[in-house]
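Just so you know, the protein sequences line up as chains A and B, in that order.
Per the numbering used here, the first sequence starts with residue 38, numbered consecutively.
Per the numbering used here, the second sequence starts with residue 38, numbered consecutively.
Please keep in mind that the hints were generated in silico from the structure rather than gathered at the bench.
Keep in mind that the hints are not guaranteed to be accurate.
Any copy will do: because identical chains look the same in the list, a pair fits if it lies in one copy or spans two.
[What the hints assert, rightly or not] Below are the DSS-like pairs computed for lysine-lysine, each with C-alpha atoms no more than 25 Å apart in a straight line: (1) 317 <-> 54; (2) 394 <-> 73; (3) 89 <-> 73; (4) 50 <-> 435; (5) 89 <-> 194; (6) 347 <-> 73; (7) 194 <-> 307; (8) 347 <-> 307; (9) 435 <-> 194; (10) 394 <-> 54; (11) 331 <-> 435; (12) 50 <-> 252; (13) 322 <-> 252.
There are 2 protein chains.
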Amino acid sequence: MEIHELLRDLHTKNDTKIVLLVGDGLGGLPQTPGGKTELEAAATPHLDALAKEGILGGTIPVFPGISPGSGPGHLGLFGYDPVKYLIGRGALEATGIGFELREGDVAIRCNFCTLDSAGNITDRRAGRIPTEQSAPLAIQLRQVSIPGIEIFVEPVKEHRFVVVLRGEGLEGNVADTDPQATGVPPLAPQALDPGSEKTATLCAEFVKQATELLKGESAANGCTLRGIAAKPTLPSYEEIYGLRAAAIAVYPMYKGLARLAGMDVVGDAKTLSDQMEVLKENWEKYDFFFLHFKYTDSTGEDGDFDAKVKRTEQLDTCVPAIMELGPDVFICTGDHSTPAMLAGHSWHPVPTLLWAKHCRTDRCESFGEAECLHGGLGQIEAKYLMSLALANAGRLNKFGA
Amino acid sequence: MEIHELLRDLHTKNDTKIVLLVGDGLGGLPQTPGGKTELEAAATPHLDALAKEGILGGTIPVFPGISPGSGPGHLGLFGYDPVKYLIGRGALEATGIGFELREGDVAIRCNFCTLDSAGNITDRRAGRIPTEQSAPLAIQLRQVSIPGIEIFVEPVKEHRFVVVLRGEGLEGNVADTDPQATGVPPLAPQALDPGSEKTATLCAEFVKQATELLKGESAANGCTLRGIAAKPTLPSYEEIYGLRAAAIAVYPMYKGLARLAGMDVVGDAKTLSDQMEVLKENWEKYDFFFLHFKYTDSTGEDGDFDAKVKRTEQLDTCVPAIMELGPDVFICTGDHSTPAMLAGHSWHPVPTLLWAKHCRTDRCESFGEAECLHGGLGQIEAKYLMSLALANAGRLNKFGA
């Protein structure tokens, strides 16, 4: 039996509030053997105070050794087995820009590129064409027309745009057309299973018409398709957990992920303090709040240890505003580790703090990787965090007699 | 692959003895932040001595966050995945009073109640009618007769009795008829799936005839049906572990659970010291002994921290009598936590002690929740305890070449 089958039956409702604060890529590594990680080096007095009262541990995003992308990383935190629920990048990007995918839709991340007269790629990102120039081009591509199919073309940013195909019998297993090289033409769309043949044919027709429409444009005269994916079907937070859930994020990707889980994306925060305002405004309307902070990941990706330390300290500053609202359960963790040392996502367990009245605290004194190793949560798969959150919120009935 | 498929092949027999001492609801919580749990506050010199020599850890009854009832809690300890093997309350109660359920039987927990002249419930438990009065009434209900069906009616205690339906094509998914309120009539039995329609019809007929038979009785003139359930099918201890297993328990529920796992219920102990006598008498006849102690749970359920501490100390006093017999593997744990603080079952990992010659001891000095966090067993799902017990008893062959 799967986790959700049980939680769907056991959850009950009350007026508790659960806050999940995600420092993206929170976990790290020391720069030198025996040194401190980014989180350990950062001054995080508020999280440390909660660590003393709460319970720590390490969450394993997928299973030991697996470094997840943002999709599986967040799905795990949201309680969905990330190996079972796969979300294609196209579906994620479309949802992230606010496009509400329907069942059966296929979404595609597209790049504008430049082609020479022979049709070979000269720049895979069209010189990272500014959005002011690329958006009108994307809108121009709405002229592409294929009988029996609805086609949506949405600008994103710089060289990126999204295409959504809507029609009967579309599946999403089509290979990328970006050859990952210049001096060669884009690849022909290739179906990876029989059910996706129709989608591959439509993709080829889209590219053909698009190239025609872009002919003569100097900034970008071609496009490649990537991350072609059908809308995934996830049971909603309301259904499986009985939670009215709100997502407060700045970046489209995380809003999109939250939407797929059935969360409402609330507010239009641009900064962490905006997010705190939005949290306060929506406090009475929801039971669960997902707060996403991007910069612990982006600084880690940049390989900038000191910048990640500063961003971790910034994350800590929002804690009092959250705790003032009186949550019953507060969790701070990451969707994966992004050690500056590795300048990328990693497989290391993610430091995790759970604070609640009856959490059975451990002897940990501060929030950091070494302390978390001795925490009362032990090391658990991220997908179990939601059942722990519900239990600590008194929102789960007893299983069996 | 499921645990049992492997153990069925790997187990081997020898003359070792394994004792599983279950303090029901053993795990707890401190009353105040930074305080001790019930187990930590209790003086448990014998368990502490074994903790020094043995290995500690925390067992997770089901998965993180899930608070199990006695059924799933014990099934986990017995090595059955509690999410796979579901036991309905009726089946549990029937087995617990010594009724040997057969494949296809449907068992029902029934309550005597009182009804007013309009058929509305005035007392859901018939004033907790004394057993001396309720038992004859239950026996009177053996007059209920439905062609083609065998009906067994067994008194239990106070307002409770058990009905077992035996016949062709009976399934157990029928909703409770107790409306959980007074001033309304009992609910009509409602099948929850098509396969259970016949059972629902039989239940309605039973209630109709029973109400007729009880007409005019002053102590109880109606009944409600709860926990309607078919007999679950569990592979036996003998088959999967190669163990001749004995259960020494005081309460029917735990005898019943042990019987479902194919254990022999031995003796007729009323007290912990009776249980020690029964253990001694049966020592040569069995390989595995399940000893159940109820009062760590019942005091926890009562929210009485001090009483739970005393009962935990009582549990400790039986340890020398067990160790004198020279078991090869001794395990002390609980089926779940029942913190007095919560006055109910909880999801917290259960302190677990395994003592055996080659257990690879850890640095733990005493038996308690905080020490268990640093124990060599780590935190494991309860369903893995039996394979650990067998391994420590030298009863498992190598897996694979």
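Results of checking the hints against the structure:
1. 317 <-> 54: This pair counts as within: shortest intra-copy Cα distance 12 Å, inter-copy 53 Å.
2. 394 <-> 73: Answer is between: at 15 Å across copies they meet the 25 Å cutoff, but 30 Å inside does not.
3. 89 <-> 73: Both ways: residue 89 and residue 73 sit 19 Å apart in one copy and 16 Å across, limit 25 Å.
4. 50 <-> 435: within (14 Å within a copy, 37 Å between copies)
5. 89 <-> 194: neither (43 Å within a copy, 48 Å between copies)
6. 347 <-> 73: within (14 Å within a copy, 38 Å between copies)
7. 194 <-> 307: Answer is within: at 16 Å inside a copy they meet the 25 Å cutoff, but 65 Å across does not.
8. 347 <-> 307: within (18 Å within a copy, 57 Å between copies)
9. 435 <-> 194: between (48 Å within a copy, 24 Å between copies)
10. 394 <-> 54: within (12 Å within a copy, 42 Å between copies)
11. 331 <-> 435: between (37 Å within a copy, 18 Å between copies)
12. 50 <-> 252: Answer is neither: 58 Å inside a copy and 41 Å across each miss the 25 Å cutoff.
13. 322 <-> 252: neither (50 Å within a copy, 52 Å between copies)
Checked against the numbered hints above, the structure violates hints 5, 12, 13; every other hint is satisfied.
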